[in-house]
Amino acid sequence: MEAGEYENIFNTVEGCDSLVTTNISILPAVMIQLQADTCDPAATGIFVTTIDNPTGCDTVVTTTVSLIPADTTLIMQSTCVLSQSGTHTDTLTNQAGCDSLIINEVMYISPADTTTMTEMTCDSSLLGTFYDTLSGMTGCDSIVERNVIYSLVDTTYISGTSCIPMEIGVFETEYTDAQGCDSLVINTITQGTADTTRLFATSCDPASLGVFEELLLSSQGCDSLIITTVTFSAQDSIFITSATCDPGSAGEFVTSYINQFGCDSIVTETVTLNISHQINLVSSSCNPADTGVFVQQLTNQFDCDSIITETVSLLTSDQTQLTGTTCLSSEAGMFITTHLNQYGCDSIVTLTVSLVQADTTQFNFSTCDPAQTGSIETLFTGQDGCDSLVIQTTTLYPLPVLIVQSAIDYNGFDISCEGGADGSAIANVNGVGPYTYLWSTDDTEQMITGLSAVDYDVAITDGNGCMTFGTVTLTEPDAFMIGFEVSEPDCFDQQLGSITVLPSGGVAPFTYSIDGTVFQTSPVFTGLDEGIYQITSLDANDCSTTEIISIDVPLMVNVELGSNQSISIGDSTLLEAIINLPFDSLSSVMWTGIDSIGCANCLTQIVAPIITTAYSVSVTSADGCADRDSMTVFVNTDYKIYIPNIFSPNGDGINDVIMISADESVRAITSFSIFDRWGNLVFGAEQFQANDSSIAWDGRMKGEGMNPGVFTFRVVVEFSDGDSKIIYGDITLVR
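Going by our numbering, 76 is the number at position 76 of the sequence shown; the sequence numbering is gapless.
Treat the hints with care, as some may be off.
[Claimed, not checked] Pair by pair, the computed Cβ-Cβ distance ranges are: (1) 610 with 708: 40 to 48 Å; (2) 294 with 256: 24 to 32 Å; (3) 256 with 292: 53 to 61 Å; (4) 334 with 391: 44 to 52 Å; (5) 188 with 228: 32 to 40 Å; (6) 264 with 305: 27 to 35 Å; (7) 165 with 228: 26 to 34 Å; (8) 610 with 486: 48 to 56 Å; (9) 242 with 305: 45 to 53 Å; (10) 509 with 64: 57 to 65 Å.
[As the list claims (entries may be wrong)] Here are the computed lysine to any residue pairs in the SDA-like style, where the Cα-Cα straight-line distance is at most 20 Å: (11) 640 with 572; (12) 702 with 678; (13) 640 with 728; (14) 702 with 638; (15) 702 with 682; (16) 640 with 615; (17) 725 with 667; (18) 640 with 567; (19) 640 with 574; (20) 702 with 651; (21) 640 with 702; (22) 640 with 525; (23) 725 with 663; (24) 640 with 730; (25) 725 with 651; (26) 725 with 662.
These aren't lab readings, by the way, just hints derived from the structure by calculation. Since the structure is predicted, the reported quantities are computational estimates derived from the model, not experimental observations. Think of the CB as a built atom: it goes at the ideal place given N, C-alpha and C, for glycine as much as any other residue.
Take the sequences, apply the hints, and build the full model.
And the structure:
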């Protein structure tokens with residue numbers, strides 16, 4: 001039975017329905033991770049076992065078996081006896097039941113160790129070379145050679161200055177150093193010079209003039225002389241001129257001041273007298289108040305008085321009287337006009353106009369046109385020569401008041417559905433009947449129906465023959481459409497699909513149906529299997545729309561890494577993940593066990609482990625489905641290095657040199673040393689690669705060919721897995 005909710009209806013003993021609802025859910029599989037160790041490389045790896053638990057579900061036990069490497073102990077010793085040197089190995093079994101290897105490296109050292117020391121003395125009787133023979137920690141002889149040499153006298157020179165004659169000269173002082181030898185200090189003192197400073201100043205006081213000297217002591221205790229010269233500063237005189245209009249302020253004035261040097265400064269000011277001006281003017285005026293003699297006192301450019309006297313005489317005005325008649329009341333009355341005569345004075349003209357009565361006739365009319373309303377006056381000439389006025393007044397009939405509107409409301413719209421034709425319009429008018437109607441659809445009724453969403457115009461004529469016009473715009477909702485958000489079933493439950501309906505346009509509220517019969521207010525349909533569904537939605541105006549939507553089940557993803565692999569140390573291998581889906585349908589690729597990944601999202605990886613390593617890859621599809629696979633790369637640590645034990649450096653091109661050969665398991669040669677039977681180094685090289693023919697021994701020492709014999713060698717090798725090893729052996733030279 002699949003997971004989900006199930007309902008069963010039963011009948012009770014009383015005949016009533018009994019509803020039993022059962023929820024069945026899927027219990028996840030129990031995952032158990034175990035770790036184990038082994039000394040057998042063939043027994044390592046990841047092992048998966050599936051067991052049924054008490055609930056009937058799977059229990060997956062994953063056991064990861066790791067390799068315990070062999071335990072190696074290296075012991076380094078030395079000997080003075082050549083026969084005791086070499087490499088000795090013992091194989092034991094450790095607490096884990098694995099091999100434990102003990103390697104004892106016994107290195108041959110020269111029988112005697114010589115140390116040279118150098119000493120110094122002032123006593124010539126202690127000079128010479130002395131030898132002491134000791135026994136070293138290895139039990140071999142250790143010779144100490146002491147060379148005692150002569151230490152010379154140490155002389156130091158210093159210098160200084162002094163102003164005291166008795167302190168001047170060369171003085172020697174003798175000391176004894178840390179070795180008990182003489183140390184001589186020579187101090188030379190020279191004569192210090194006197195310091196002289198010259199100063200200059202001025203004074204207005206003749207008694208303060210002259211040259212003055214002051215003797216002081218410098219910082220070195222020598223004389224310091226200051227010479228001050230004071231000279232005479234003369235008086236300062238200033239002359240200025242100015243003018244005034246006041247005779248009492250004119251003249252010469254002298255003022256004495258003290259300048260910045262403390263001396264007299266004399267200012268002499270000469271003030272001259274400026275005279276006043278007198279101006280007489282004559283003019284006339286039409287205004288009696290402006291006549292008379294006027295005196296005005298001003299200040300000229302010299303700041304003195306300037307007097308202006310003006311005499312103004314009176315000019316008289318003109319008066320003119322005129323009369324007349326008119327037939328227009330607006331033209332009757334007294335009119336006064338003021339002009340200017342030849343003297344610039346007022347000339348007054350008075351015109352008196354009398355009214356002559358005219359005839360008036362009144363006519364009244366009505367109209368529907370507001371532009372034709374108003375009063376029109378027409379003027380004719382009567383027998384007495386006056387106007388005869390005809391007044392024509394036109395008033396406006398009361399215009400009908402028109403309201404044009406939709407006759408039906410569809411939840412805020414005039415048309416129920418987008419593109420529909422179920423609207424209506426009505427013209428309501430107030431005024432003088434009867435009325436006639438003319439619509440833009442050529443209908444002549446007060447209300448028209450079967451309308452779509454456009455503009456409609458109507459013209460109405462009332463009982464007075466007046467017309468009014470109106471327009472109504474019918475509205476419709478936006479096109480009713482539905483969109484969807486689809487949630488596909490996941491990779492483990494095929495009944496978790498859902499559809500969420502997203503309406504747009506239309507008129508809310510909306511109802512939804514997945515079978516066209518039963519409608520619901522919720523836009524969400526859940527618990528859907530894979531298949532094609534027809535979704536129908538209705539809005540508040542019963543407008544409907546239907547769409548077809550499908551739910552697809554995601555494809556399961558499967559990944560395979562293949563079988564375990566074996567490589568030699570230093571080699572590399574290709575890991576390739578094989579999947580059952582196109583690569584672009586994956587959302588992620590994740591590798592574990594790889595230290596450095598150049599392309600984390602790639603399905604292939606090149607690895608070069610230095611120890612046996614387990615790798616795994618996890619892939620996830622765009623639908624959320626995931627799978628994982630693992631494999632192990634076993635590394636063979638059988639190091640391959642070759643050093644010949646015999647060679648013939650005779651120049652025939654065959655076995656002429658001794659060199660080191662190795663495969664990829666060797667990363668570098670740390671050092672390569674060859675010794676003769678007495679322990680002398682005949683060849684040595686450091687930090688180079690194996691298989692390098694340029695680093696080889698050709699049987700020579702210091703350019704001379706060695707005699708046939710047996711030589712020992714010592715090689716320090718660094719392997720690709722980071723391990724290091726010291727190799728000892730013999731080489732036979734033949735000719």
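### Task
Give me the numbers of the hints this structure contradicts, sorted from smallest to largest.
Those not satisfied are hints 2, 4, 6, 9, 14, 16, 19, 21, 22 and 25.
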